[in-house]
Amino acid sequence: MRIGSPKETYAADEGLFRTRTQWAWFGILLLSLVLFPFLSNLYWLYLVCLISIHVISATGLNILTGYTGQVSLGQAAFMGVGAYTVAWLDNHAATPFVLNLLAAGGVTTVVGMVAGLPSLRVKGLYLAIATIAASFILHFVFLNWESVTGGARGMNIAPPQAFGHELANADTFYWLVMPVTVVMVLLAANLFRTRVGRAFIAIRDRDISASVLGISLPVYKLMSFAIASFYAGIAGGFYAYFFGAINPESFPLLMSIFYLAAVIVGGLGTILGSILGAVFMTLTPELLRYGVDVMEPFVDDASALLSPVRTMVFGLLIVGFLLFEPHGLAEIWRRVRRFFHLWPFRN
Amino acid sequence: MSILRVDGLSLAFGGLQALRDVSLDVAPGSITAVIGPNGAGKTSLFNAVSGFYRPQAGRVVLEGQDISRVTPPRRAALGLGRTFQNIALFRGMTVMDNVKLGAHVRTRTGPLAAMWYLGPARREEVRIRAEVEQEVFDFLEIDHIRRSPVAGLPYGLQKRVELARALAMRPKVLMLDEPVAGMNREEKEDMARFILDARDQWGLTVLMVEHDMGMVMDICDQVHVLNFGEKIAGGTPAEVQAHPEVIAAYLGSDDMATLRERLRGERGAA
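Chains as they are written, first to last, in our numbering: chain C, 1 to 347; chain G, 1 to 270.
The calculated label-pair distances, taken between Cβ atoms and stated as ranges, are:
1) C:25 to G:64: 50 to 58 angstroms
2) G:149 to C:122: 25 to 33 angstroms
3) C:343 to G:185: 42 to 50 angstroms
Some residues of chain G that are not near chain C, with every Cβ distance over 12 angstroms (derived):
4) 2
5) 12
6) 27
7) 39
8) 54
9) 64
10) 139
11) 145
12) 194
13) 198
14) 203
15) 221
16) 228
17) 234
18) 239
19) 264
I should point out that these hints are in silico values taken from the structure, not numbers from a laboratory. None of these values were measured; they are calculated from a predicted model. Just so it is clear, CB atoms sit at the ideal spot from N, CA and C, and this is done for glycine as well.
Whole structure, please, built from the sequences with the hints as guidance.
Printed below as a string of structure tokens:
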């Protein structure tokens with residue numbers, strides 16, 4: 001139960017975490033993220049690294065689509081730009097990975113802003129189509145600019161080096177990707193405590209009203225595209241390092257839809273939603289695979305029968321979320337919290 | 001010397017002449033109303049002044065500066081605030097965030113500073129919060145709902161939050177599009193008091209469109225009357241009430257005695 005949380009200064013009341021309980025939970029989360037690699041196996045570390053990459057990208061897309069209301073189906077292609085930037089630098093310049101990742105973010109930011117230009121004139125479905133066009137153009141570039149991208153063969157990327165170690169496997173890569181993910185999620189959360197984040201939401205909710213309040217729509221829409229693509233670029237860079245090889249088919253349109261589904265299932269316009277959505281979209285197929293393994297002894301020809309069933313169940317789960325929980329997993333989480341705030345006096 | 005001047009404004013949508021050579025002056029510190037029957041062009045005039053419509057002819061001058069070719073956000077930065085006829089709050093946000101958005105033009109934090117939320121960004125947020133709390137929330141008596149999402153608030157309160165958001169801009173000229181439409185008598189009286197107090201406390205100038213004749217006659221210094229896109233009269237409330245063309249526009253007849261009766265009756269009601 002929580003009984004108010006009095007504050008003496010406005011600064012305290014503007015905090016990201018406003019109660020001790022919230023700080024405590026955040027501490028527990030960080031601690032368990034630190035302890036996780038010691039308590040788990042390589043398979044789970046691999047999954048968590050993958051989730052981390054998805055969380056970064058989904059957070060970026062949520063800033064653009066969930067908060068600013070600009071539907072984008074180009075997130076995977078933007079990740080591709082980041083991945084190819086890292087790959088090119090790794091193959092041609094041999095610069096340290098930190099620099100490569102930042103360059104990936106930078107290059108993708110510029111590409112994303114150019115791809116975002118149609119948003120100045122169109123919105124909604126029309127913008128979604130425009131971003132699909134951008135993602136096809138980028139795919140074409142990946143495939144045909146052979147001198148830079150290696151064409152259909154793609155490129156190989158050496159694992160990042162830190163302090164003389166190769167971060168080649170999930171158990172070491174974790175220590176690179178997880179801290180960056182935590183920082184990037186916190187940065188995104190901070191954004192929405194300030195005028196910039198509020199301007200994004202204002203554009204989503206009522207753009208005419210926003211411009212009367214002095215918010216320049218072109219500036220803030222492009223800024224939103226820039227931030228979303230920066231996140232995509234970083235995520236793409238990690239993707240390249242994590243898998244060690246990329247080709248034009250690594251970043252299909254389906255992957256953009258995957259991210260859009262992740263932010264919708266997680267909760268549009270919530271930071272927590274990006275995390276929960278990415279976790280859900282990555283883990284559910286894995287858990288369903290476990291389910292198939294359990295069923296195996298009881299069904300004839302299980303692997304052939306059950307893998308399509310797994311895909312269908314996954315699809316049904318997404319449809320179920322759209323129907324029954326349109327505000328996503330983040331809303332469920334909020335309801336649970338509210339219940340415990342009032343418990344045991346009301347339930 | 002007027003703070004806002006509209007000079008020979010003409011606006012047409014295809015063959016429809018929404019505004020025809022409309023001119024009016026708004027004196028600093030005054031409360032000026034634009035009235036007229038439905039479809040007279042009042043809201044078109046507002047949209048032209050705040051920059052959403054590009055008039056074919058005429059100028060809008062704010063504090064001696066021609067702003068006819070300036071975008072709506074720039075006009076906001078120059079000191080032109082406005083509210084909308086149908087409430088235009090940001091429904092996904094709390095009252096607090098809505099009102100803080102009003103202060104957007106007076107703050108500077110960029111995206112990078114915002115994401116790290118250090119030093120200047122933090123100080124600016126706290127400063128805005130303090131201003132909003134001490135000046136706007138107290139003044140409009142909405143401090144009890146600061147954390148509520150605006151979507152669930154009753155209509156009268158939403159109107160008040162929209163006024164709060166406009167006041168947080170600290171505009172020089174505040175344009176109110178039907179501030180008391182759809183309110184009951186008590187809410188209307190509150191709103192009239194807030195408008196008068198805002199004018200007195202911050203010295204702002206109010207330009208409003210309003211259908212409630214009682215309120216217009218009670219609190220306005222100047223009234224301009226539009227009909228079919230043309231300005232047919234302008235002056236003090238008393239002058240306008242006596243103007244035969246105004247009476248004809250409202251009643252479509254020359255039965256002046258009846259209209260005077262009606263106006264007097266409504267004045268009592270507000």
